[in-house]
Amino acid sequence: MATAAVAYGLSRRSFSGMAIAAAAAPLAYRGVTGEWPGWRNGAADTRAALGGDRGIHVREAIRLEVPLETVWGFWRRLENLPRFMTHLKEVRDLGGGRSHWVADGPGGVPVEWDAEIVNEVPNEVIGWRSVPGSDIATAGSVHFSRARQGRSAQVKVHLQYAAPGGKAARALAFVMGRDPAHMIREDMRRVKQLLEAGEIACATPEVSEEGDLA
Amino acid sequence: MKAVCYYGKGDVRVETVPDPEILNPRDAIVRVTATAICGSDLHIYGGYIPTMQKGDVLGHEFMGEVVAVGPENHRLKVGDRVVVPFTIACGHCFFCKEQLWSLCDNSNPNAWIAEKLYGYSASGLFGYSHMYGGYAGGQAEYVRVPFADVGPLRVPDGLRDEQVLFLSDIFPTGFMAAENCQITPGDTVAVWGCGPVGQFAIQSAFLLGAERVIAIDRVSERLALAESSSQAEVLDYTKVDVSDALREMTGGQGPDACIDAVGLESHGTTLDAWYDRAKASMYLATDRPHALRQAINACRKGGTVSIPGVYGGWLDKFPLGAAFAKGLTLKMGQTHMHRYMPRLLDHIERGDIDPSFIITHRVGLEDAPDMYKTFREKEDDCIKVVMTPGRTYHG
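Sequence lines, in order, name chains A and B.
Per this note's numbering, residue 1 is the first one in the first sequence, and the count goes up by one each step.
Per this note's numbering, residue 1 is the first one in the second sequence, and the count goes up by one each step.
You may find that some hints are simply not true.
To be verified - With a straight-line cut-off of 20 angstroms between C-alpha atoms, the simulated SDA-like cross-links for lysine to any residue are:
#1 B:K116 / A:G198
#2 B:K116 / A:L68
#3 B:K97 / A:S152
#4 B:K116 / A:P180
#5 B:K116 / A:V58
#6 B:K97 / A:G150
#7 B:K2 / B:K326
#8 B:K97 / A:E65
#9 B:K2 / A:P180
#10 B:K326 / B:S243
#11 B:K116 / A:E65
#12 A:K156 / B:S356
#13 B:K97 / A:G198
#14 B:K97 / A:Q154
#15 B:K97 / A:G96
#16 B:K97 / A:V58
#17 B:K378 / B:S356
#18 B:K331 / B:E227
#19 B:K97 / A:I62
#20 B:K54 / A:P205
#21 B:K116 / A:R59
#22 B:K97 / A:V66
#23 B:K116 / A:M188
To be verified - Derived coverage of chain B by chain A (criterion: at least 3 residues anywhere in the stretch with Cβ under 8 angstroms from a Cβ of chain A; other residues may be distant):
#24 92-98
#25 381-389
Unchecked claim - Examples of chain A residues toward chain B, derived with CB under 10 angstroms:
#26 V66
#27 P67
#28 R189
#29 E196
Everything labelled a hint here was simulated from the structure, so no lab data went into it.
Given the structure is predicted, the values throughout are model-derived calculations rather than measurements.
We put the beta carbon where it would ideally sit given N, CA and C, even for glycine.
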């Protein structure tokens with residue numbers, strides 16, 4: 001009982017209020033140097049940066065009453081991701097398996113990186129990771145499978161984010177929100193609503209704009 | 001527009017709020033022509049429902065005229081006269097496809113709160129706290145209806161609002177309670193609680209072939225209504241020992257099915273009341289949370305206990321041993337509204353039932369603050385309040 005109440009109370013608190021405070025330090029630093037603190041060396045090797053327990057790992061799974069091919073097709077078009085992943089502002093396909101990602105950053109300053117697709121089996125799996133030298137090390141994979149004798153599709157998502165350095169990690173925490181697992185769970189809920197119901201449920205205009213289909 | 005808003009415990013006000021707008025492609029906006037106060041609204045009024053916020057628009061029993069539809073709503077037209085189910089369902093998820101409409105996966109934007117509590121969330125509800133989606137309710141001049149190509153039921157012009165309004169909640173809720181009893185001809189059904197849901201459960205049990213219905217309450221006008229409108233046999237639990245009486249009335253065998261239309265009214269702190277998000281428990285404003293235990297003990301061997309009364313948390317001293325020993329079937333849950341509405345509209349059109357029999361108070365929207373109090377205090381023999389926006393203020 002109390003857990004739910006506390007969790008709800010937390011959610012009522014302004015994300016921006018908390019996060020702007022946390023973001024203030026690295027932002028000031030960036031104002032001086034033009035770079036994010038601790039990110040100057042970059043992530044030379046995404047695999048190393050994300051290996052083992054390093055970075056933020058989030059996993060989530062959903063089942064949808066939508067043909068597997070439809071779900072695959074929607075995900076494969078990476079530009080669709082910001083429609084339900086609220087921390088992303090934009091994903092742009094650069095061709096050749098490469099894409100440019102933009103996430104909301106501290107104080108409204110976007111965090112950007114390039115990623116490349118490293119694994120792709122149609123209707124089964126897609127995996128990507130940030131290219132070496134990016135400011136932020138991130139990788140993700142999505143596994144697709146059938147359930148209920150093929151009537152349902154199942155999606156398993158595994159996202160990883162890492163950034164070296166304490167302050168940068170806090171900035172990263174901004175990108176990923178207060179609770180990355182919760183955030184990804186809500187993202188998955190939204191993609192399910194979008195693909196099953198054709199729209200993202202909302203009670204107020206603010207949420208609707210975030211999930212706007214137009 | 002004018003709307004009935006929650007401002008805190010015992011504080012309901014009619015305020016001017018922004019008109020609702022189409023937010024999603026499948027939405028509709030309905031101009032409300034009739035709306036009712038539900039027993040479960042009294043829980044909000046009592047301050048028992050968590051995640052209510054000041055200014056939230058109340059109400060989940062309403063009907064009216066469609067005045068706007070979203071671009072992807074190909075089923076409703078402006079001008080349609082509709083009654084709207086209190087549960088919101090997308091129509092496409094696993095649960096909607098399985099006809100388990102009140103368990104819709106996609107209609108509660110705040111599902112994660114309910115998930116913390118129950119593991120998984122049921123559907124969103126109109127005007128019933130942020131835990132159930134934070135949707136503005138229908139005790140207002142206008143209301144936004146999400147997934148309006150699935151929920152609202154068009155009603156023919158020949159029927160009055162009062163005849164079809166209760167298709168929005170309590171008639172289907174009472175009907176599902178009776179259907180869950182798996183009634184076979186000749187059965188005897190006992191119903192605890194003669195509030196509106198209990199009254200509809202009684203009539204529905206007869207519609208489904210019950211030979212006898214025994215109604216249990218303590219409020220004399222409610223027992224009188226069950227007797228006069230539904231030909232139920234009645235027991236006043238303050239005057240007789242219910243278990244003994246039921247045993248005797250059924251030749252020592254017990255009722256074939258028992259309906260708990262009371263639910264659990266928890267007392268004490270707000271934290272305790274969290275458990276009690278009851279929708280139906282105030283239909284019988286009893287301070288005795290024993291109805292379910294009594295129903296389980298009274299039920300015949302191999303019988304069914306059907307629970308439309310709402311439970312929100314954990315139950316103490318639940319007689320699972322008795323249920324096991326007698327091989328009982330327990331059925332419960334929020335009403336799968338969309339499954340029952342067309343069928344029950346048919347019953348109304350055929351004249352099998354006129355749901356307006358439970359209405360005791362007909363007022364304007366502006367009367368809401370007084371009527372919440374009247375309903376809660378059971379003053380003036382109040383059983384059911386219907387409000388008509390635009391109707392002359394009685395206060």
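_20 angstroms limit on alpha-carbon distance, applied to hinted pair K97 (chain B) and Q154 (chain A)_ = holds, 17 angstroms
Using 10 angstroms as the Cβ threshold, decide whether P67 (chain A) counts as touching chain B. Status violated, d = 13 angstroms.
Notebook entry, point to check: Keeping to a limit of 20 angstroms between CA atoms, is the pair of K116 (chain B) and E65 (chain A) held or broken?
Noted result: Answer violated: K116 (chain B) to E65 (chain A) is near 24 angstroms, above 20 angstroms.
- [ ] Assess, step by step, whether the Cα of K97 (chain B) is no farther than 20 angstroms from the Cα of I62 (chain A), and give holds or violated.
- [x] Roughly 17 angstroms separates the two Cα atoms, so the pair holds.
Check your understanding: Mind checking, does the region 92-98 of chain B have 3 or more residues with a CB under 8 angstroms from chain A?
Key -> With 4 residues close enough to chain A, the hint holds.
- Message: Between the alpha carbons of K116 (chain B) and G198 (chain A), is the straight-line distance 20 angstroms or under?
- Response: violated, 26 angstroms
Open item on the list: Can you confirm whether the C-alpha distance between K54 (chain B) and P205 (chain A) stays at or below 20 angstroms?
Closed with: Status holds; Cα separation ~18 angstroms.
With a cut-off of 20 angstroms on the C-alpha distance, tell me whether K97 (chain B) and G150 (chain A) pass. holds, 15 angstroms
Worksheet item: Is the hinted pair K2 (chain B) and K326 (chain B) satisfied, with a Cα-Cα distance of at most 20 angstroms?
Response: Violated, because 53 angstroms separates the two Cα atoms, which is more than 20 angstroms.
Is the straight-line distance between the alpha-carbon of K97 (chain B) and that of E65 (chain A) 20 angstroms or less?
holds, 9 angstroms
Does K97 (chain B) pair with S152 (chain A) here, judged by a C-alpha cut-off of 20 angstroms? Holds - the C-alpha atoms of S152 (chain A) and K97 (chain B) are around 12 angstroms apart, at most 20 angstroms.
- Proposed proximity, S243 (chain B) with K326 (chain B) (alpha carbon, max 20 angstroms): holds, 16 angstroms
Consistency note: the structure conflicts with the earlier hints numbered 1, 2, 7, 9, 11, 12, 15, 16, 18, 25, 27.
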